[in-house]
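Engineer: Sequence:
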Amino acid sequence: MRRAVAVLGLWLVAGFLLLPLAGKIDDVTSSDPALVLPQDAEATRALLRAREAFPGVDTPVAVVVYVRDGGLTDADRSTVDADRAVFEGLATGHAVGPATASRDGQALLLSFPVADKAVVKQVKAALTDSPAGLRAEVTGSAGALSDFDDAGQGADATLFIAAAGIVAVLLLLTYRSPVLWVVPLLAAVVASQLSSALVYLMGRHLDVTVTADLTTMMTVLVFGAGTDYALLLIARYREELHLHPDRTTAMAVAVRRSFPAILASAATVSVGVLCLLAARMNDMRSFAPVAATGILVSFAVMTTLLPALLVLLGRWLFWPFVPRFGDAPVVRRTLWHRVADLVGRRPRLLWTLTALVLVGLGLGVSGLRLGQSTSQMYTTEVGSVAGQHLIDRHSAAGVSSPALIVAAASTVDGVVAAAKGTGGVADATATGRSTDGRWVSVAATLADPPDSPAARATIDRLRAAVHAVPGAGALVGGETATAVDVGRASERDNLVVVPLILAVVLGVLILLLRALVAPLLLAASVAVSYVAAMGLCGLVFQALGYPNIVHGMPLYAWLFLVTLGVDYTIFLMTRAREEVATRGNRDGMLTALTATGGVITSAGLVLAGTFGVLVLLPFVAAVQMGLIVALGVLLDTFVVRTLLVPALAIDVGPRLWWPSRHAAQPAAPPPTRVTAGISG
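Heads up: the sequence shown begins at 2 in the numbering used here, then just goes up one per residue.
Heads up, some of the hints might be wrong.
[Stated by the list, open to error] Label pairs and their calculated CB-CB ranges: (1) Arg489 - Val6: 55 to 61 Å; (2) Pro471 - Leu501: 51 to 57 Å; (3) Gln154 - Leu501: 42 to 48 Å; (4) Ala469 - Leu20: 41 to 47 Å; (5) Arg349 - Ala7: 51 to 57 Å.
Since the hints were made in silico from the structure, they are not lab data. Heads up, the beta-carbon is just placed ideally off N, CA and C, and yes, glycines get one too.
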């Protein structure tokens, strides 16, 4: 009891010091593309050179497009002139160039820099008095930033509340106690806030790039993984309370028996996310320390603070089903006994059919399309996307987002000529010279929409053309060039990091199980589960109308599904290894399946639910990530861990544990130990 009080005191001190910092995480959150892109990418180098040579070059630009189908009227033109006068008061430098007419005479464009995205709200407010039939939208980089900010407004609070609510409901259903669920939920909230505080310190003092996307994923990860650890610990604690009169002793045994599985799980996820340090994309590399911090804090909280709270609060937390010493639960046949009977009856047929179903689901991967344009980012159309569509329809598609070329000033004529001569470039114009006279900027207007495959192909041709100009040292950046570089870096990261994560998982399983055959089979099952989950989501995304995924999605999905999905296999196999040593391979595996079925299923539902809250966000990528992880975890929980793995383990037999010797010994009579009561 004294130890529990001491542990609680240490956590109170840590909370007093760190929790005030959690609310400051926005102070270190950045949306600067130069901190997200690969540092050696041409688009990044072009942006950094342009910033140095032309201060303010990446100032947000608002593009206001006016359209009237059938042709603009004199009243429309007067409205545009009046708006232009208003915009001069809002624009950086208080200057707005003349309106540019579209080729078909049905649209006018006004383009001007603004100090920040907040000014866009004033620009939009000025457009409310447009004549009937005249449509006006704000797009450009400023419009896009403003819409992104508006869409994400309050997202962190929404996710935090939704995740906490999901966890609370599922814990209440799991424990069937009006009190117990509060303790693990409180521990999860503490872990989430402490993680945010540490990430703030990392962003402030260790130069770690922190973005809104990374903190969102960390919050969901902490709630999901932390609650899983709590479920495993509490299930074992409840079992031990039947066997020990002293709850401190019961908790000590529960921690000792569940600690290896929780440690292996936390180690798998932590080392798995640290594999992202090998990625080229800077935001992925940055997610490595952020996510690892969240997992390690969750591990520490759930293995120290949570046990201390449970011991100090006593057995009454489990009311009305209070576990009492010597009062063993009634042995009854549960759902998990029936599942074990099914697995043990025809294991080879079962794992073969299950594997075929998973492979069949994997065929749905063909429905996924890699690459998501700006217009496909949102679940509903926003103003900047609508404005871009209007420009695409009436003007040169790339006029609102030209490619940026930075080259030696002495070669400006050759660079402009090379750009104009490139197929897919509608026009190219020198737009400025650096104050020291070294560099010149050239804007190349693309003939195709800036987020289209055709525009990305043009960037490759444009780069080849301007690179060939002697002495130019030209670099091509801009929105489309950035998309090209992100796509290529992501493809490289998929090829390098995916096998690295699998190798890490395999290594953890080998160390944990002290075997070779079992880890190899389990790693293969994880890979099959991932392909099945992506295939199932391919079918779902097609039905929802969101078949396009961002380039980094496969890697993030692999990371979460492999490292988190293997947790349940770890929970099962560590218990199986314990049971196999005394019961033999077949009976030990079935006993482990029966004993862990309830808690692992509850953990899977909690993890799926916490990631599922991402569908509440208005971003297609968030919805997709939430569905991929949620459906993948459910597949892993109810199919892979419940049917495929135990059936395969029984069919392989004692060879599963090679070269370990303990599992090959004849089964001894099982000890008197109650397991029926933890199946939930």
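Engineer: Give a verdict on every hint.
Structural biologist: Results of checking the hints against the structure:
1. Arg489 - Val6: 55 to 61 Å: Since the Cβ atoms of Arg489 and Val6 sit about 56 Å apart, the hinted range of 55 to 61 Å holds.
2. Pro471 - Leu501: 51 to 57 Å: Since Pro471 and Leu501 have Cβ atoms about 42 Å apart, the given range 51 to 57 Å is violated.
3. Gln154 - Leu501: 42 to 48 Å: Distance hint for Gln154, Leu501 is violated at roughly 37 Å.
4. Ala469 - Leu20: 41 to 47 Å: Between Ala469 and Leu20, where Cβ atoms are some 58 Å apart, the hint is violated.
5. Arg349 - Ala7: 51 to 57 Å: Holds: the Cβ-Cβ distance is about 53 Å, inside 51 to 57 Å.
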